[in-house]
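A.B. asks: Chains A and B, in that order, are what the protein sequence lines are.
According to the working numbering, the first sequence holds residues 1 to 160 in order.
According to the working numbering, the second sequence holds residues 1 to 502 in order.
Just so you know, these hints were derived from the structure itself, not from any lab.
Listed below are several chain B residues computed to face chain A (Cβ distance under 7 Å; list not exhaustive):
id, residue
1, P138
2, D171
3, R190
For every residue, glycine included, the Cβ atom is placed at its ideal position computed from N, Cα and C.
The lines below spell out each chain.
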Amino acid sequence: MDNKSDWNELDAEKQAASRLRRIFGKSLHVRHIDVGSCNACESEVLALSNPYYNFHRLGLFFTASPRQADVLLVTGAMTPTMKPILMETYEAMPKPRLVVAAGVCAIHGGVFANSRQFAGPVESVIPVDAFIPGCPPTPYALINGILAAVNGREGVTRDA
Amino acid sequence: MKVLTAQGSNLKHVERQHHRIGDLVHAVVHFASEESAQLLYFGWIPKTGGWSRLLAVIGRPKHALIEWHHAAPTFGQTAYPSLSARWPAALWLEREMWELTKVLPVGHPDLRAILHPENQEERIVVHGDEVFQLPLGPVRSDVVESMFMRFDTQGEQIVHMQPELFYKHRDIERLAVGLLYPDGRFLAERVAGTSTIAHATAYARAIEHALGHVVHPKVEQERIVFGELERLYNHAHDMAQMASAAGMTVAQAQLSRVKEECLRVNGDLCGSRYLRNAVLPYKGSDVEWAQVVSTVIRRLRDINGRFTQCLDLLRRTPTFVDRFVGAGIVKQEWARAYGTVGPVARACGQPVDVREDYLRDRYEQQAYRVVVDEAGTGDGWARFVVRAGEWEISQRVLTKGLQLLANGDFMEAGSLAGTQDDSKNDGFSLERTGIGLSESPRGRVCHVVQLDPDGRLAFWGIRAASAWNWPVLGLAVANGNIQQDFPPIEASFGLSCAGVDR
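Excised from the complex, chain A in its bound form (with noise of 0.2 Å):
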């Protein structure tokens, strides 16, 4: 039980880090959406800033504007009022973006699958690259999650 972390482990972070300068340029802007969560999914994004994550790093940071986003962070079960906002969200990021989905919720609707207020998915609304599962999924996976998505587009090209 101490609070120590790792770091050999993470070396193959910091190779799929220099990949996203490629696409990217310098660094990865992570914008942030809540469509439906309880609140822990936020806890724990807000937690990849916090000093014993520091996803800065990593050269990711936080954008206050879609419109200056590379990722799109998309967290909890996505309600009708918040579908067309989700929507527009995606619509404002300049190409090439890429989409995770954070939380069994944003994967499939969690414990609110069966809500009349549960519109589907994110998948279903916009395309994917990388889901994240857990409830809330933790700092380490979120950050996994984000770099996996980054990966698995290494071929995009400006207008993906």
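Fit chain B to the known structure of chain A by using the hints.
C.D. replies: Frame of chain A, contents of chain B only:
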């Protein structure tokens, strides 16, 4: 170590049946002026199918009473006198009830659709020269929940602000109908993820109350400990957000580090960083307390050292303090009228706290006391001070509570099965109906459930803490503040949307 017996509570539940809804509203309005009376629940509940009964649950902690007022509508009744016209605490509740049932609360000032913000018509409140309307959300900067705010500004001055929620309305209450009660807890834990324990505890207590059962003191003791663990990481989070809103980057990093360490303690203790699967109806957790308690206490002490050091530095940083003193003042009469809860209410000098009001017997042996701002200033700084005080108390309650779990002789208190609950009065006519209360880091969480004879949920009503505080945020933000004051005010309120939206 001596522990309490199961029947420690002297809280009584009394039923008051009214002939007409008008009489009920009249009786409930009477409590609006009674100091310390709290509106715990207000809404329609079914009685063998259909929405057929208006229920108001009033807590009167001074008298150790919870009063259940209910009345059935007369045949074809389509309107009743609005409660919120006299007690604003019910404003958002009655909007929701109107949208769901189309029974008109006569005299309600604003009946726009609340559950479906996409259908909501825009309401312009402020008119005049130089008035500028600034919409914010639902997608806005930072990692936050989706909600919308409409500011009316004149220059930099905020004249009016309306928050609009329910963008994430997941309809949990109706989704749960028909579920067996042990399955309902999966939903209860996900009403608001950062208040997992508060909602799971309220749900478990409501189920147990409905079925007339009191769990073993050890189970209740575990709930207390988990609840305080949840409070620690949430308060660290709120403090980090406040530091961030005031531009204190180093403090924000340090405080988010504290939050992460708290989450790791939770994860190591019960396998989930958000304490899922720890609180269940009727059952205790699987944690072997005797083996882990000393490690947990040692780690909490380390974390506490870092946290207090950071807060001491913040207290002595004028650029931090200045952003909060006098910002977003909640007037005492608002706090009372809107039934605010949690640190927001306690910063106004109101000792509203479930632990003190309804569970005192369970908490008092752990040196618990309510932290209130005696002056009742109700500004951002008071909310900071209240949270800082609560952190300290939580540490104390946790240390004692953990030791009690590890060393306490709980066998003395009777068999692990628990005992019969006799807090309801004789002839309580709402069958298999119960209420569960718990104090989340943001304030009082209240669940009302009704079970059918097979143990399936027939009705579930959820009142999250933030539901009482959101309407007041609008008033506090427009109370003589400018645009730049908004981030610190919002951070000092520390509200959540998920619990309100359900």
